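Protein sequences, first through last, are from chains C and P.
Every letter in the first sequence is one number past the one before it in the numbering used here, and letter 95, counting from 1, is 95.
Every letter in the second sequence is one number past the one before it in the numbering used here, and letter 239, counting from 1, is 239.
There's no promise every hint is true.
[What the hints assert, rightly or not] Derived SDA-like pairs: lysine to any residue, alpha-carbon spacing no greater than 25 Å straight-line:
(1) K383/C to S35/P
(2) K282/P to G259/C
(3) K282/P to R256/C
(4) K10/C to H33/C
Since the hints were derived computationally from the structure, they do not count as laboratory data.
Quick caveat, the model's predicted, so the values are computed rather than measured.
Here's the letter readout for the chains.
There are 2 protein chains.
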Amino acid sequence: MLRYCEVGYKVIGFDIDQNKVDLLKAGKSYIEHISSDSINTAINTGFQATTDFSRVNEADALILCVPTPLNKYREPDLSFVLDTTDSLVPYLREGQVVSLESTTYPGTTDEELLPRVQSGGLAVGQNIFLVFSPEREDPGNPNFTTRTIPKVCGGVTSACLEVGLALYGQVIDRVVPVSSTRAAELTKLLENIHRAVNIGLVNEMKIVADKMDIDIHEVIRAAATKPFGFVPYFPGPGLGGHCIPIDPFYLTWKAREYGVHTRFIELAGEVNSSMPDYVISKIASALNRIERAIKGSNVLVLGISYKKNVDDMRESPSVMLMEKLRDLGARVAYSDPHVPVFPKLREHKFDLSSVELTPETIATFDCVLLATDHDKFDFEMIKTHAKLIVDSRGRYLAPAAHIVKA
Amino acid sequence: MLRYCEVGYKVIGFDIDQNKVDLLKAGKSYIEHISSDSINTAINTGFQATTDFSRVNEADALILCVPTPLNKYREPDLSFVLDTTDSLVPYLREGQVVSLESTTYPGTTDEELLPRVQSGGLAVGQNIFLVFSPEREDPGNPNFTTRTIPKVCGGVTSACLEVGLALYGQVIDRVVPVSSTRAAELTKLLENIHRAVNIGLVNEMKIVADKMDIDIHEVIRAAATKPFGFVPYFPGPGLGGHCIPIDPFYLTWKAREYGVHTRFIELAGEVNSSMPDYVISKIASALNRIERAIKGSNVLVLGISYKKNVDDMRESPSVMLMEKLRDLGARVAYSDPHVPVFPKLREHKFDLSSVELTPETIATFDCVLLATDHDKFDFEMIKTHAKLIVDSRGRYLAPAAHIVKA
Chain C
1 MLRYCEVGYK VIGFDIDQNK VDLLKAGKSY IEHISSDSIN TAINTGFQAT TDFSRVNEAD
61 ALILCVPTPL NKYREPDLSF VLDTTDSLVP YLREGQVVSL ESTTYPGTTD EELLPRVQSG
121 GLAVGQNIFL VFSPEREDPG NPNFTTRTIP KVCGGVTSAC LEVGLALYGQ VIDRVVPVSS
181 TRAAELTKLL ENIHRAVNIG LVNEMKIVAD KMDIDIHEVI RAAATKPFGF VPYFPGPGLG
241 GHCIPIDPFY LTWKAREYGV HTRFIELAGE VNSSMPDYVI SKIASALNRI ERAIKGSNVL
301 VLGISYKKNV DDMRESPSVM LMEKLRDLGA RVAYSDPHVP VFPKLREHKF DLSSVELTPE
361 TIATFDCVLL ATDHDKFDFE MIKTHAKLIV DSRGRYLAPA AHIVKA
Chain P
1 MLRYCEVGYK VIGFDIDQNK VDLLKAGKSY IEHISSDSIN TAINTGFQAT TDFSRVNEAD
61 ALILCVPTPL NKYREPDLSF VLDTTDSLVP YLREGQVVSL ESTTYPGTTD EELLPRVQSG
121 GLAVGQNIFL VFSPEREDPG NPNFTTRTIP KVCGGVTSAC LEVGLALYGQ VIDRVVPVSS
181 TRAAELTKLL ENIHRAVNIG LVNEMKIVAD KMDIDIHEVI RAAATKPFGF VPYFPGPGLG
241 GHCIPIDPFY LTWKAREYGV HTRFIELAGE VNSSMPDYVI SKIASALNRI ERAIKGSNVL
301 VLGISYKKNV DDMRESPSVM LMEKLRDLGA RVAYSDPHVP VFPKLREHKF DLSSVELTPE
361 TIATFDCVLL ATDHDKFDFE MIKTHAKLIV DSRGRYLAPA AHIVKA
């Protein structure tokens, strides 16, 4: 949206959430890494936010970026994609291009969007155009912008692809065409499957190395000095975010239709989702050494967003850890410079604010769990004043009696 | 060896194979990517080859680079390492450094070499020094030499590590110290486990994509345009070479001692070792479409070394494919510019020479299997004249009626 505004397009933002629309209209951003300034700049170039879908016919291009979560049986929940499409359909007109950007299984555009878009009598590839072009972003990475991240695009027909390339070529330096919407859909999934599996692998390696009294972080750093054939991934307390823990299972689900299994995805899911329990067992045994139980201990969780230097709490393993600790009877507190107050989440509730880190506050906790290693933390100070640190990020390289690697 | 000669050291090469020693003495290389010229240059600077282990006491540094295969139960076969060590022990003296470079499980240096080296009364860390420093090489990669590939080193004691760093610092630009021989041993394993698992993943993805009628090579190439967080690995007809199919199971074996499982390694092994059968099934169904069986068909296998542009046949999946085809009754031939005559291998026997590729010879085969895509092949010519191509390397991007992706 911001990028289209930047090059001079008039952009309309549709949302069903009146609250978000009101914030945008007031020039306020609700995402940490997007400034309110940039929203105001967009408004000055004509950006409008609305909940009124009848305005769909004003647009030449319709870009859908809605969530594609899993339901509680780990099945794709396409309701946002399908409901949004159904909201557009009455207002579609000749000459428009519809692009789906939400991560989804191969076949979604062909099997779900195509019949809906054509339902009003328009002919895809002739007087309306349909493409799939996955979002690619890396929040917190300062080296890339929307413009400089190459964007993959596949069309339902070759005419659709051409229109899609023209659409994105206006704002993106390099648009990468693929031969079908299915190939584009699988491309995005493969990117995230690659991450989920590589993180699963190093998480398993962490467990093996720990048994052998080897620091996996030291090993990964040493392996990373190999100038070819190796890329470092690092273990952690579990997978977070709205992509890596979720997207791979879209393929798992679709593969069943073809009678094939995605065993690497399932193994990665199993290993990665077991990591919070592994961390808890490390906390328990660390406390046990000083004759304490988790129950009744004061535990401080450092970092509750799912990755460092951002405020995004989606699927954060820290929250799972806080819940497990609370269920086991610990008195749980947290500190996170990016999350001053524990937010309202659909499935998790904590009535907490971020603890200010001082030598005095740190010393009051029986155990400090390093869950997300934000650069804003003063790691030396924490190390000096904590009684016991359980480090799930390999941040503390040098061994110390009061630091346990988890 | 060549690198130590290059900087002016006098190097003695020990081998139990008189044949190799004789070749080296005659200035002849027995490895394709090392020229006989470079052996002669080394001889002129004092290089000697010998089978006489009593000369061990002449050397200040002893570097062990012997094979570490698996036995037929997929267990580590350390016999070469241990026999070599036992051959050295009678001739060890004060002031020497012993470095093991063979890939092996964490603990080998500590548990197996240390007691042997000390058995003659020498004290490791005091008057003799013991390190583990894994070999790192990428045959066929022109961008790196022994000097420019960083080398990891771990010592039994910190004095050992210092001596090891001094030893390799003479010839290698960057030596990377780690805190123990175990960490160094695991570093090398992790590098190869990373490859085995990533190749296993794309092999599984290939099967899934094929069912969905998506070309996995197109998808991987598109994903590789992502400038962060994704690294392309490509599927193939199976894993080859003396590292990737073997090394990971050294960790699997050792992990059992600690009661932990290496499930990613085992899954990768299972998927990768099933690939030759997958390719065979693709050949069978491609031939079936033209009402032919494998039995009685003339099949030409292109490329029989385990990777492109080299002559190394170790663990080559092409050989496995040739055997399977022969067992199924095909008349098998091969063409490989790097392997003019099928060599004598311990477990495989083919009385064949490389077929010269011409329009006429290619046209005589019912099926051409692209197994290893050497750059020396004329792929356009092959495409033009072959009746049927089964492409296990994704070399042919554009779909064609007579090309089947496997």
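Kindly indicate which numbered hints from before are broken by the structure, ordering the numbers from low to high.
Number 1 only.
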